[in-house]
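Listed here are the chains, written in short residue letters.
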Amino acid sequence: AQSVAQPEDQVNVAEGNPLTVKCTYSVSGNPYLFWYVQYPNRGLQFLLKYITGDNLVKGSYGFEAEFNKSQTSFHLKKPSALVSDSALYFCAVRDMRHSGGYQKVTFGTGTKLQVIP
Amino acid sequence: DVKVTQSSRYLVKRTGEKVFLECVQDMDHENMFWYRQDPGLGLRLIYFSYDVKMKEKGDIPEGYSVSREKKERFSLILESASTNQTSMYLCASSLFLGRFGDEQYFGPGTRLTVT
Chain A
1 AQSVAQPEDQ VNVAEGNPLT VKCTYSVSGN PYLFWYVQYP NRGLQFLLKY
51 ITGDNLVKGS YGFEAEFNKS QTSFHLKKPS ALVSDSALYF CAVRDMRHSG
101 GYQKVTFGTG TKLQVIP
Chain B
1 DVKVTQSSRY LVKRTGEKVF LECVQDMDHE NMFWYRQDPG LGLRLIYFSY
51 DVKMKEKGDI PEGYSVSREK KERFSLILES ASTNQTSMYL CASSLFLGRF
101 GDEQYFGPGT RLTVT
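These protein sequences, in sequence, are chains A and B.
Here this note's numbering is used: the first residue of the first sequence is 1, the next is one more, and so on.
Here this note's numbering is used: the first residue of the second sequence is 1, the next is one more, and so on.
Calculated from the structure, these hints are not laboratory results.
A hint or two may mislead.
[Stated by the list, open to error] DSBU-like cross-link-like pairs, simulated, lysine-lysine; straight-line CA separation at most 30 Å:
| hint | chain 1 | residue 1 | chain 2 | residue 2 |
| --- | --- | --- | --- | --- |
| 1 | A | K49 | B | K71 |
| 2 | B | K70 | A | K104 |
| 3 | B | K71 | A | K104 |
For reference, chain A alone in the conformation it holds in the complex (with noise of 0.2 Å):
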């Protein structure tokens, strides 16, 4: 079976500073994992996704997120937050490996962005 943990339901930074919003997964196999935003009011956004390959994924809107096998996270960082940042972010993964069927994608529940002018 696979997991996404995210600890924080909410997360508070100043305008300007760096954030971290952190998730860890549980797979059998590799992973492949995703990041999602959804802004007050509207559906989920494709952030950016790890495959393979660099650890370091960078994606929309100036967001990275760097892949840690060993310590099993994914954690989406953007070096200066904007106000415009705040809103709930979802990480997710499926299982790399496929046994037949449909793999789904598990998501975790969110963690709220709050960016504090």
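Please build the complex by placing chain B on the supplied structure of chain A, with the hints as guidance.
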């Protein structure tokens, strides 16, 4: 850009009513999904479809059914709405089943209230 649209942003229905939620995508994606989003529970997969007229149960299919008569359209049906189905419903699409690294594209969501 991929566009996924949902028929309603807000919907209020009475207990026992039959409810239809419609989703349309315009990028010729094979896969389509229905999730419900509840605070503290994240997204839970209700049903998905990987081809026209094909459907598979997700994690919480009870009380729901789906229909995919055309590739671009995926409908979620609540046969007899109950108050515990009050939730945000999100539709999504992605390329095709064999490409497991593909991201999903989401619609804006339908907030359903069952009274």
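Each hint, compared with the structure:
no.: 1; hint: K49/A x K71/B; in the structure: 26 Å, holds
no.: 2; hint: K70/B x K104/A; in the structure: 22 Å, holds
no.: 3; hint: K71/B x K104/A; in the structure: 20 Å, holds
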